[in-house]
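Enquirer: What follows is each chain in one-letter form.
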Amino acid sequence: MQTKVKTERFIWIDVMVTLLTLWLMDCFYYGVRAFVLGGVCVAASVIAELVSLRLMGRKFTADDLTCVSDALIIALMLPALFDMKAAAIACVFAVVAAKNIFGGRLNMIFSPAAAAYVFMYTSWKNQLLMFPEPHTRTGVLDKAANLVSSASHSFNITGKMSATDFELLLGNVSGAAGAVSILLLAVAAVVLLLRRSISAGAFIGSISATVLLALIVPASHTRLDSVKYTLCCNMVLFASVYITADRRIAPKREYFAFFYGFFAAMFSYILVITTAKENAIVLVSLLFTPVALGFKNLEKRIELAQAQEQAEADGEEALPDEE
Amino acid sequence: MTDFSAITFLSVILGSFVPKRLPYAAKIIIRAVIASVVYIPVRTVAREFFPDVITRVGIYFPLLAVNSLIVVQSETKFARMKRGTMIASLVFYILGFDAVMIVTAFLRELLAYGTINGRLVDADTLISGLGLPFGGFIFLGLLCGLYRKVRSVIRRENETGGDGNVSGN
Amino acid sequence: MFLVTELVTLLATNLILTQALGTSTLFIAAGNRKNLLWTAITITVFTSVGSGAAYTINRILPHSAADLTLLFYTLIIGAIYVLFLAVLYYTDFASFATARKYVHISAFNCAVMGTLFTITERAEAYPELNTFIRFVLSGAEAGTGFILAAFILTAAYRKLNSAKVPASFRGFPAMLVYLGLISMAVYALR
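Protein chains in written order, with this note's numbering: chain P, 1 to 323; chain U, 1 to 169; chain Y, 1 to 190.
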């Protein structure tokens, strides 16, 4: 039990370290506005967590700080000039409606960040999908101006990418700052995989389905471009690391997690190439929650059957001794 | 809301005259037919007084005739009561449904469209998703949970406050 | 790819997830997993056969008597209800007592009635859908959507009724919010 608690906390610390790095990058590109937006998300989440836990009659412990990582994931998926009040509402929604109503971190059903993103997608879609150009510095209270659609949007529509590979790697393209820094995300993925802080099965499943489909049904003129840009656009890498491969949501057994990630990514790729739906993987992750739950139910049954078999075997072994 | 109350009240009252010894399926069919007949004059009156509402409500309007109070509760609950008790109980059920409708509609309209009864109010961040069917699900679920919480707190307070004993002994 | 687009269509036209029709029936049936699946299958039969009959009623009924539509639909569903029970009684008497409860739950509810009205409304807007075959297929599609919604609810059933869920939200409120979040994802994908 002690080990489990420690493991949970270490996972949270690992995830937080990678998220803080991405947040730093976000601040580098968009200045103080991005910093404050992240702060607002964290503050709203912590307050919502404190109040809802109090209403549930539970104490706020260090483990409940997972709401901070969820808040940062949400903040990193937003345009830097996104309305702060809307961001705060979304964070409260994530904590209350997508997590604590179902029992909080002890009984997770949905990824709070994915739920909050879809919530914003349905209520403030235009604001959510319009971004400032990188290096646009604005004041904390400035309203959004001169916004452009994301690089992912142009890729989904035209199959072409105007940014260079170097710009893509550094995240110097229009889009949610935390989700476009590909180099940092790749490093974060490797670190989290090595530290076993994300579900390797779900992550590998998600990436392999995207690569496989990008090769079979290219979204660009060449297969190499298709693979490259498909992985870099539509938050595929970001969502694969922080949403699909979230250990709290993905099935525990790696091969089940692989299929969960594989099908979610496959479904979202097909949506992207057929309907040009931006950031489809985040929407699909929420929709695939019942699939993850189905796999988890299956895992429970297998565990039960194995325990039963083991008990029967032990009984048979014990029988001759009794005789 | 008025239409819901009228259809439900009249249908359940008229349905209470259906002979009890008939098979369950026959009773349900007769009750549903009664509700469908009651629906005709109610719709005519509603069209006269609230023509816009009928268009806006669309297919949901005829579905009032198959609401659970008429098709399920009438047979499982109301049919087992004496007529006087049944009428009183039915009125409170309908009032309860109406209260939920008013509260939910008021809050959803305010938060999703920034209006109260169609009149604009000063709200700068609107949550348009709450005006959609999924918003209704989530909002109703949250309100239902909050209501249960308040009810359990009140009940606990009543239990502990009854004899002044809070020790549980 | 075809399967995925079909699945998206099925989700996008799902009456429970997009129009909140038949939710109470789904929750009543959600009392146990076996009930849920059998109710969903029975509802599919009702929506498919009912839609075919609704097409006939729409053809016969003059436009001036549109207010009688509900009455005729009720009579259709009533007839299917009796027929279903009779078939069940004469073909499988042994399991009649168990199976009839699914028929009782499935007959008169918003899922079935809502399907008939939605299909009719759609056929009025798009005349190419106004054929007998299209009506029956749309009815079957709505029923399949109900089965899908049943599976979605079944997957989370244990977690939604777990002791870890706060007592005030356990069961019905948690189910509502759960379905709400799934419908939100479906809406975002449309």
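Just so you know, not all the hints are guaranteed correct.
[What the hints assert, rightly or not] Only pairs whose alpha carbons sit at most 16 Å apart, straight line, appear in this in silico EDC-like list of lysine to aspartate or glutamate:
(1) P:K300 <-> P:E254
(2) U:K27 <-> U:E75
(3) P:K143 <-> U:E75
(4) Y:K101 <-> U:D124
(5) P:K85 <-> U:E75
(6) Y:K159 <-> P:E299
These aren't lab readings, by the way, just hints derived from the structure by calculation.
Enquirer: Would you mind marking each hint as holding or not holding in the structure?
Expert: Each hint tested on the structure:
no.: 1; hint: P:K300 <-> P:E254; result: 14 Å, holds
no.: 2; hint: U:K27 <-> U:E75; result: 8 Å, holds
no.: 3; hint: P:K143 <-> U:E75; result: 59 Å, violated
no.: 4; hint: Y:K101 <-> U:D124; result: 50 Å, violated
no.: 5; hint: P:K85 <-> U:E75; result: 49 Å, violated
no.: 6; hint: Y:K159 <-> P:E299; result: 14 Å, holds
Hint violations for this structure: numbers 3, 4, 5, all remaining hints satisfied.
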